[in-house]
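Chemist: Sequence:
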Amino acid sequence: MKYNNKYIILIYVLILSWGVNAQDSFQQVLRNIESNNTTLKALQEQTKADKISNKTALNLENPEVGVGYLWGSPTGEGNRKDLSITQSFDFPTAYRYRSQVVAGQNTQADLAYRQQAKEILQEARAFCVELVYQTKVYEELIERVKFARELREAYQIRFDKGDINIIEYNKTKLNLLNEEKALQICEVEIATLRAELERMNGGEPLMDVLDTYSNYVLPLSFDQWFTMAKVNNPALELAEKEVDVSRKQEKLTKALNLPKISAGYMSERLLGATHQGVTLGISIPLWEGKNTVKHQKAQTLALQVQHKDSELQFYNNLKNQYSRASTLSGLLRDYEEVLNVSNNKSLLKKAFDKGQLSLIDYLLELSIYYDTIDEYLERERDYQLALSELQQWDS
27 MKYNNKYIIL IYVLILSWGV NAQDSFQQVL RNIESNNTTL KALQEQTKAD
77 KISNKTALNL ENPEVGVGYL WGSPTGEGNR KDLSITQSFD FPTAYRYRSQ
127 VVAGQNTQAD LAYRQQAKEI LQEARAFCVE LVYQTKVYEE LIERVKFARE
177 LREAYQIRFD KGDINIIEYN KTKLNLLNEE KALQICEVEI ATLRAELERM
227 NGGEPLMDVL DTYSNYVLPL SFDQWFTMAK VNNPALELAE KEVDVSRKQE
277 KLTKALNLPK ISAGYMSERL LGATHQGVTL GISIPLWEGK NTVKHQKAQT
327 LALQVQHKDS ELQFYNNLKN QYSRASTLSG LLRDYEEVLN VSNNKSLLKK
377 AFDKGQLSLI DYLLELSIYY DTIDEYLERE RDYQLALSEL QQWDS
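Everything in the sequence shown is counted per this note's numbering, starting at 27 for the first residue and increasing by one.
There's no promise every hint is true.
[To be verified] Below are the DSS-like pairs computed for lysine-lysine, each with C-alpha atoms no more than 27 Å apart in a straight line:
#1 Lys67 with Lys77
#2 Lys320 with Lys256
#3 Lys280 with Lys316
#4 Lys334 with Lys320
#5 Lys144 with Lys172
#6 Lys256 with Lys81
Since the hints were derived computationally from the structure, they do not count as laboratory data.
Modelling step: build the complete structure from the supplied sequences, incorporating the hints.
Modeler: Here's what the structure looks like:
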């Protein structure tokens, strides 16, 4: 009974951890883009067209109809009239292999669409991360502008009273100007990112407010996670399918090098007499198919090497992203520990109000604190971008 309780608790923890990852703040945006993106709609239509094109390979060759009218010589020999209808056939096994090749090509078309769709959605996910980052920067800059404006207004009062000179007052004006311009640039960045997402959403307005990152958690074990991620990569599946189709193409090429058969009907009319009946023919494969099987085998070998290379590149790329995310996660914890226990902004303000810091020293120390906040926000964005590279392979 104790074992069962532990088992139930384990299942509950797994479901809970899955729920945390499932609560992705970007999912609604990505679902809308998947439905509205005009590039994806065009790719869907192209995939349908490619499948129809593939099926044309299953058609038989057109029948051949021949008509002959021969004048007799000398006169009295009569005129000869010929009629022939012929249909050519490949060796019977060729039709089975050709059908398998076409089925494989249709699967390739679907996988190619999935691959392109993943690339588009990953681009959109990266835009979402950048938009959240710029939104966080915007919120920080709003506070900085407010703080700089209060400082400028306080120094304007002191300047009007003659307590400070114009140089000191101008320092506060320049400080406010810099913060306001940074805020304006941030507003432009946010507008640009929203415009990019709306473009990817088929021109439809972006109604969602993106101000928090995805809740995706870095996997504990990379190798275990990679086993699952590899299955969800349509590019690898496509490379594997190319090898499979190429092997079937080998069999088809061999079948096409076997003798072709032709059958038909023929009639001949001369001086009132009619000769008619069936015709049969067979081709002799001497020269036309030379080296075609050898070429197809070489093609299969090349595709096998490419598949292995794609898998290796995929593994190394994700391993690098995983290591990068893991390192950035540690850096963020260090930043958070320092920023949570020390609020240099309030401490600097108290020291400045008590006259322990000059204006220039106060602004310098404040800029160092702001730089730390900026660095933290940038590293947080980089961490989320690395996570997004991993997250795309979870489904």
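Chemist: Evaluate each hint against the coordinates.
Modeler: Going down the list of hints, with the structure as the test:
1. Lys67 with Lys77: Roughly 16 Å separates the two Cα atoms, so the pair holds.
2. Lys320 with Lys256: violated, 32 Å
3. Lys280 with Lys316: With Cα atoms ~11 Å apart, lysine 280 and lysine 316 stay inside 27 Å; holds.
4. Lys334 with Lys320: holds, 22 Å
5. Lys144 with Lys172: Roughly 42 Å separates the two Cα atoms, so the pair is violated.
6. Lys256 with Lys81: Not satisfied, since the Cα-Cα distance of roughly 30 Å exceeds 27 Å.
In summary, the numbered hints that this structure violates are 2, 5 and 6.
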